[in-house]
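Asks: Modelling step: build the complete structure from the supplied sequences, incorporating the hints.
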Amino acid sequence: MRARKQDFAACHFILLDDLGTKISMELLGDLKPSWLLETSPGNMQAGILFKEPITDAATVDALLAAIIDAGLCDPGASGPAARWARLPIGVNGKPKYRVDGKPFVCRLVEWAPERRYTGDEVAQLLKLDLKKPQGKPKAAAQNRRTGGDYNAAYTPSAAENPVIAALKAEGLYKRSLGSGKHDITCPWVQEHTDSQDTGAAYFEPDAAHPVGGFCCQHSHRDTYHVGELLRYLDVDFASARNRPCITVTPGGLHAAVDAAERVLADSGKYYEAGGLIATIGKDPETGDPKIVPANASTLTLELSRLAEWTVETQNGPRPTDPPPKHIKALHELQTFKYLPALTGFARQPYFREDGGQLITEAGHDPASGRFGVFAAERYRLPEPTLAAAKEALALMKGLLSEFHFASEQDRAVALAAMLTAAVRPTLPLAPAFHVQASTPGSGKTYLCELIGLFAGPAPNQKVTYPASAEEASKMMLAVLMPGPAVVEFDDMDSDWKPFSAIKRVLTASVSSDRILGLSKTATVSTRTLFLASGNNVGPVRDLLRRVLTIRLEPQVQSPATLQYQGSPVDRLRRNRERYVAAALTIIRAWQAADSPRAGSRIASYGAAWADYCQHPLVWLGVADPVATIIAQLANDSDSEALGRLMTVWAKTFGEKPVTVRKLKSAATLNEDLFDAVSEFPVTQSDGINPSKMGWFLKKNSGRIVDGRKFQRVDAADRTAWALVPAGQVAALPPSPPSATPLQAAGAEDELDLELVAFSF
Numbered sequence: 178m179r180a181r182k183q184d185f186a187a188c189h190f191i192l193l194d195d196l197g198t199k200i201s202m203e204l205l206g207d208l209k210p211s212w213l214l215e216t217s218p219g220n221m222q223a224g225i226l227f228k229e230p231i232t233d234a235a236t237v238d239a240l241l242a243a244i245i246d247a248g249l250c251d252p253g254a255s256g257p258a259a260r261w262a263r264l265p266i267g268v269n270g271k272p273k274y275r276v277d278g279k280p281f282v283c284r285l286v287e288w289a290p291e292r293r294y295t296g297d298e299v300a301q302l303l304k305l306d307l308k309k310p311q312g313k314p315k316a317a318a319q320n321r322r323t324g325g326d327y328n329a330a331y332t333p334s335a336a337e338n339p340v341i342a343a344l345k346a347e348g349l350y351k352r353s354l355g356s357g358k359h360d361i362t363c364p365w366v367q368e369h370t371d372s373q374d375t376g377a378a379y380f381e382p383d384a385a386h387p388v389g390g391f392c393c394q395h396s397h398r399d400t401y402h403v404g405e406l407l408r409y410l411d412v413d414f415a416s417a418r419n420r421p422c423i424t425v426t427p428g429g430l431h432a433a434v435d436a437a438e439r440v441l442a443d444s445g446k447y448y449e450a451g452g453l454i455a456t457i458g459k460d461p462e463t464g465d466p467k468i469v470p471a472n473a474s475t476l477t478l479e480l481s482r483l484a485e486w487t488v489e490t491q492n493g494p495r496p497t498d499p500p501p502k503h504i505k506a507l508h509e510l511q512t513f514k515y516l517p518a519l520t521g522f523a524r525q526p527y528f529r530e531d532g533g534q535l536i537t538e539a540g541h542d543p544a545s546g547r548f549g550v551f552a553a554e555r556y557r558l559p560e561p562t563l564a565a566a567k568e569a570l571a572l573m574k575g576l577l578s579e580f581h582f583a584s585e586q587d588r589a590v591a592l593a594a595m596l597t598a599a600v601r602p603t604l605p606l607a608p609a610f611h612v613q614a615s616t617p618g619s620g621k622t623y624l625c626e627l628i629g630l631f632a633g634p635a636p637n638q639k640v641t642y643p644a645s646a647e648e649a650s651k652m653m654l655a656v657l658m659p660g661p662a663v664v665e666f667d668d669m670d671s672d673w674k675p676f677s678a679i680k681r682v683l684t685a686s687v688s689s690d691r692i693l694g695l696s697k698t699a700t701v702s703t704r705t706l707f708l709a710s711g712n713n714v715g716p717v718r719d720l721l722r723r724v725l726t727i728r729l730e731p732q733v734q735s736p737a738t739l740q741y742q743g744s745p746v747d748r749l750r751r752n753r754e755r756y757v758a759a760a761l762t763i764i765r766a767w768q769a770a771d772s773p774r775a776g777s778r779i780a781s782y783g784a785a786w787a788d789y790c791q792h793p794l795v796w797l798g799v800a801d802p803v804a805t806i807i808a809q810l811a812n813d814s815d816s817e818a819l820g821r822l823m824t825v826w827a828k829t830f831g832e833k834p835v836t837v838r839k840l841k842s843a844a845t846l847n848e849d850l851f852d853a854v855s856e857f858p859v860t861q862s863d864g865i866n867p868s869k870m871g872w873f874l875k876k877n878s879g880r881i882v883d884g885r886k887f888q889r890v891d892a893a894d895r896t897a898w899a900l901v902p903a904g905q906v907a908a909l910p911p912s913p914p915s916a917t918p919l920q921a922a923g924a925e926d927e928l929d930l931e932l933v934a935f936s937f
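To convert a position in the sequence shown, counted from 1, into the numbering used here, add 177.
Any given hint could be a false lead.
Said to hold, decoys possible - With a Cα cut of at most 30 Å, we get these calculated DSS-like pairs of lysine-lysine: (1) 459 to 514; (2) 674 to 651; (3) 182 to 351; (4) 639 to 674; (5) 502 to 574; (6) 358 to 459; (7) 304 to 279; (8) 651 to 514; (9) 514 to 279; (10) 674 to 869; (11) 467 to 502; (12) 502 to 651; (13) 639 to 446; (14) 574 to 446; (15) 351 to 271; (16) 876 to 833; (17) 209 to 182; (18) 279 to 502; (19) 833 to 875; (20) 279 to 182; (21) 279 to 199; (22) 876 to 680; (23) 351 to 304; (24) 271 to 446; (25) 351 to 199; (26) 680 to 639; (27) 271 to 358; (28) 271 to 182.
To be verified - If you anchor each label on the Cβ, the simulated ranges turn out as follows: (29) 880 to 511: 36 to 42 Å; (30) 404 to 559: 55 to 61 Å; (31) 742 to 357: 48 to 54 Å; (32) 402 to 497: 25 to 31 Å; (33) 460 to 553: 21 to 27 Å; (34) 742 to 641: 31 to 37 Å.
No wet-lab data here; the hints were simulated from the structure. Predicted model only: the values in this text are computed from it and were never measured. Note that the Cβ used here is the ideal one computed from N, Cα and C, for glycine as well.
Replies: See the structure below:
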């Protein structure tokens, strides 16, 4: 049986949809509904029972039309056979309402069947005008009031496509076929052979078909198209498009921009990414997803497709294009009300930060802002037991069996790199990994490729290490904006210079910088795996605690002739989901074993990274990967050079405070002192540069090497530096009480005039 208009017998109740979200509950006034059912979070469907069923279809039509005209329900509710009631045991299957993969279950909030009304009582309580002529509701002209969220510039699209509502009212609608396609009865079924219902379909509007489409499988399919269907249903083209309407009025810029953002959010295609409006694209070569910021032209075109734009004139509303100043204001917004946050991608199941829950559902996760781009069914995760973890570790070690690690410690760091790659979207902070060898052809790039596959199926994004601080700042913003899984500094020919931008992306979860050519700052997520490789180069100074080094040492004269018989990279690429599942199994088994923690700790990565990538390996008997960082810091070449300077300084000056000018003078006579200072970038053609030397001592002030440290000593008229034992405070040098600053400046041995010039 079908609910056809011609089969109408009686109406027992009416429904009001979208109460609490799109329609304010206050608009019901003194009318108390017979029941309230929550059909999505905060969204109610209200039922109003009649004292006696209304058997006159025209009366029901007039009542429903008046309710719609008052903005209390959407146009899809027109006609006595057009609305269906949800049941308390029903579910809302829309993906955006899923929690932990489960659909939203409808909830009966209020049940009072004793509340019953006549049609006249409903009209009186809702202040409806039943005498006003009612026509077919038009989606673009509906006046839906939304209580506190009311926006005069915004008229939303109908909750139900008016064409579908009209098909239901005519008794022609059968069922949804998904993806905007609907099975219907052809309106001209009587023209079919033997009047057989051989199948027809209605297609909702899309970019290629702005008013939708119609197709009948009968022989007259070339005669009737969507235009004929709309005329048959008495639905105009504007209503068929079922697009929201944004009205442009003088003084209403803010309201129109607010409405435009809402339209973008409702499209499901646009997000807020680091302060920018962005959508999700795909790399044409690798197929890897990427965040694509929208420019003003793109926003203009998209908003023209997604919404009707009108401008108020003396003769009424007139269609218009999105105004440039409105688009500019939207494009330059720094904060957003409706666009969901997009923080990056997860290319495999991932852990949430709040509690470590494993997320296996693809799509956008509102809690983390991550967008999952993976097929969850391909990742088969066993029960997280110790035995399963050991089996997973053996599987991962098998990939590394043909690499020539300098020690088991280096193999442990490689395993930590694989775990880091597998869970990088989960980690607010994570170190970088550098593969080092002494000879070309040792497998550095090959190992980076292997590690990178644990982060995602696409090739690593290879870039050249920046040559300057300015280049590093620009590069990091541009490289991280699309949200790559891996950034690799391939085959470096110099050490990791500790530029601020590089240090920032390794010790902060986000990085902000000004967009080139715009007066706007963008913030990018740093949850990208950083890899690098090079011969006899590696991290130095501040990066020694941010980069773990993996050393390869093939014991052959020509490593380039080595071959990997097991083809580990190809093996991993063919079975990537299996190996990533192994990495996740190790972590889950460690969690199930009450998360035992052992091994060394480092300040920057002692939290989440240690829990996911260090402690599980140590638990399974693998060498502690953090020991590599500790060894790097102990063998820091800068510390060694600073220690040599301290030794010569102590022999020359003892613990006496020394000005930079006096140091420069002494170095011209003391070759050992000059050589020790020259190991640092503080010299020039005529000897020590006072300003650079002063800055160097300031930067290293308080740094303890071999139990000693440099300490700044400030008096009223001079700045000096003293070498003192750790824990000791240097005494101020005596100063002539009668000396004025200018007199003191005349004593070259006591005051560095050049340093004064640079210290104001």
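Asks: Indicate, hint by hint, whether the structure satisfies it.
Replies: Here is what the structure says about each hint:
Only pairs whose Cα atoms come within 30 Å are accepted, and residue 459 paired with residue 514 is accepted, the gap being roughly 26 Å. Distance check on the hinted pair: residue 674 and residue 651 sit about 16 Å apart at the alpha-carbon level, within 30 Å; holds. Simply put, residue 182 and residue 351 have alpha-carbon atoms about 14 Å apart, close enough for the 30 Å limit, and the pair holds. Under the criterion of a C-alpha separation no larger than 30 Å, the hint pairing residue 639 with residue 674 is consistent with the structure, at around 18 Å.
Annotation: proposed proximity of residue 502 to residue 574 is violated, straight-line Cα distance about 59 Å (limit 30 Å). Straight-line distance between C-alpha atoms of residue 358 and residue 459 comes to about 26 Å, which keeps the hinted pair within the 30 Å bound. Of the supplied pair hints, the one linking residue 304 and residue 279 is violated, its CA atoms being roughly 40 Å apart against a limit of 30 Å. The suggested pairing of residue 651 with residue 514 holds, with an alpha-carbon distance near 29 Å, which does not exceed 30 Å.
At roughly 26 Å between alpha-carbon atoms, residue 514 and residue 279 fall within 30 Å of each other, so this suggested pair holds. This hinted pair checks out: residue 674 and residue 869 have alpha carbons roughly 18 Å apart, not beyond 30 Å. Note on residue 467 and residue 502: the hinted pairing holds, with a Cα-Cα distance of about 28 Å set against a maximum of 30 Å. With a CA separation close to 29 Å, the supplied pair residue 502 and residue 651 stays within the 30 Å bound.
The hinted pair formed by residue 639 and residue 446 meets the criterion: a straight-line CA distance of about 29 Å does not exceed 30 Å. As the CA atoms of residue 574 and residue 446 are separated by approximately 41 Å, the hinted pair breaks the 30 Å bound. Under the criterion of a C-alpha separation no larger than 30 Å, the hint pairing residue 351 with residue 271 is consistent with the structure, at around 20 Å. Restraint check: the Cα-Cα separation between residue 876 and residue 833 comes to about 20 Å, which is no more than 30 Å; the hinted pair holds.
This hinted pair checks out: residue 209 and residue 182 have alpha carbons roughly 29 Å apart, not beyond 30 Å. For a cut-off of 30 Å, the pair hint linking residue 279 to residue 502 is broken: about 43 Å separates their Cα positions. The hinted pair formed by residue 833 and residue 875 meets the criterion: a straight-line CA distance of about 17 Å does not exceed 30 Å. The straight-line distance between the Cα atoms of residue 279 and residue 182 is roughly 36 Å, outside the 30 Å bound, and the hint therefore fails.
Straight-line distance between C-alpha atoms of residue 279 and residue 199 comes to about 24 Å, which keeps the hinted pair within the 30 Å bound. Straight-line distance between C-alpha atoms of residue 876 and residue 680 comes to about 16 Å, which keeps the hinted pair within the 30 Å bound. Straight-line distance between C-alpha atoms of residue 351 and residue 304 comes to about 35 Å, which puts the hinted pair past the 30 Å bound. Between the alpha carbons of residue 271 and residue 446 the distance comes to roughly 16 Å, so the proposed pair stays at or under 30 Å and holds.
At roughly 28 Å between alpha-carbon atoms, residue 351 and residue 199 fall within 30 Å of each other, so this suggested pair holds. Taking the CA atoms of residue 680 and residue 639, the gap is about 19 Å. The hint holds against a cut of 30 Å. The straight-line distance between the Cα atoms of residue 271 and residue 358 is roughly 16 Å, inside the 30 Å bound, and the hint therefore holds. Taking the CA atoms of residue 271 and residue 182, the gap is near 29 Å; set against the 30 Å cutoff, the hint holds.
Hint check: residue 880 to residue 511, Cβ distance near 39 Å, so the stated range 36 to 42 Å holds. Range check, residue 404 to residue 559: about 58 Å between beta-carbon atoms, so the 55 to 61 Å window is met. Judged by the Cβ atoms, the range 48 to 54 Å given for residue 742 and residue 357 holds: they are separated by roughly 52 Å. Between residue 402 and residue 497 the beta carbons are some 29 Å apart, a value that agrees with the proposed interval 25 to 31 Å.
The supplied range of 21 to 27 Å is met by residue 460 and residue 553, whose beta-carbon atoms lie about 22 Å from each other. Taking the beta carbon of each, residue 742 and residue 641 are about 32 Å apart, inside 31 to 37 Å as hinted.
Comparing the model with each numbered hint stated earlier shows that hints 5, 7, 14, 18, 20 and 23 do not hold.
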